[in-house]
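Listed here are the chains, written in short residue letters.
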Amino acid sequence: MSESLIPAETLERVGEVLSGPITTVIDRREAQRYAYAVGDENPIYFDEVAAQEAGYRTLVAPPTYVTHAVVQPRTAADLRTDGLYREGTRIRLRVDRVMFGGEEWDFLEPVCIGDEITATVRLAALDQKEGRKGSFVRQVRETTFVNQFGDEVARSRMIGIAR
Amino acid sequence: MSTDTDTHTGTGKVAAAAAPDLASLEAGQQLPTMHKFPDEAQLFLYSAASHNPHRIHYDREYARFEGHDDIIVHGPLQGAWLTQFVTDWAGPAARLLGVTWQNRASGLPGEELVFSGTVTSVDSETGIVELEIAEHTSDGRLLMPATARVRLPTA
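Each protein sequence line maps, in turn, to chains A and B.
Using numbering that gives the first Met the number 0, you'd call the opening residue of the first sequence number 0 and step up by one each time.
Using numbering that gives the first Met the number 0, you'd call the opening residue of the second sequence number 0 and step up by one each time.
Honestly, the hints are just simulated from the structure, not real lab data.
Certain hints may be false.
Stated by the list, open to error - Here are the in silico distance ranges between beta carbons for each label pair:
hint, chain 1, residue 1, chain 2, residue 2, range
1, B, 10, A, 56, 18 to 26 Å
2, A, 89, B, 47, 37 to 45 Å
3, A, 85, B, 64, 18 to 26 Å
4, A, 94, B, 59, 21 to 29 Å
5, A, 12, B, 20, 23 to 31 Å
6, B, 22, A, 7, 54 to 62 Å
7, A, 21, B, 141, 18 to 26 Å
8, A, 97, B, 58, 13 to 21 Å
9, A, 71, B, 29, 39 to 47 Å
10, A, 105, B, 22, 40 to 48 Å
What the hints assert, rightly or not - In silico negatives: residues of chain A with every beta carbon more than 10 Å from chain B:
hint, residue
11, 29
12, 32
13, 89
14, 134
Glycine included, C-beta positions come from ideal geometry on N, C-alpha and C.
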């Protein structure tokens, strides 16, 4: 049995809010800029009539756009050498690096242009596992997105693999 | 099954008329494959639109320093393509309920990326269809295994 990669005080943080709540209004130009950048010109993102014919209140945003919409403006002085922004809360683990393992999304209600979305990020899980290349920690950051009606519209779980 | 809709380049400009018919859909059926051709401009546009300043997507020297072969395609961009792959197939009246993906390897600019998928279950009462999806390079390297859940119109 190998040594724990998760310090006891870090394990106690499971469930803690890591960032947010952050509220933002879904902007038509930004959502469409995103859809163009993906190369996804679905009419429900661009054509009000097409969106309503498809059963939406108004234009919708691409499914995972909501996670980018809530990125806060930051000064370039906050960039680390790898180009990512310094995080306010670090999760201390006995590891060298954290890789993106994947994402899991639930889309519960449409996110429409003009919606006011509030995002809250929590440390949802930390589990040490044994893999072919030794021990690693599966770290899950869950973000919940709630709209102006109080409905949860989406939930994302970002899986980090720390070893 | 071979029709002129077997492959597409994924513009997202889907026609409602081409949407799958729930009544004739069954497990094992394959979706038309989607092809994407990311280049440096594509990576730049996505970094900008998603507010992502991570250096591995635009700084070749830095990306190689981190052990990558080149600058790499963003995981969330490939994730957005997975959702597009499903919504292009399912049509505008369908609702995407969920997706999952795993980052297995990195796509590089200049590579052709191929999205393929199979129906794994169909519930004709609720309209909920489950899919198993994979993103490969055109030479067969698996980048992302994925799943999706979508609700097709029942009427």
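Which numbered hints does this structure break?
2, 5, 7, 10, 11, 12
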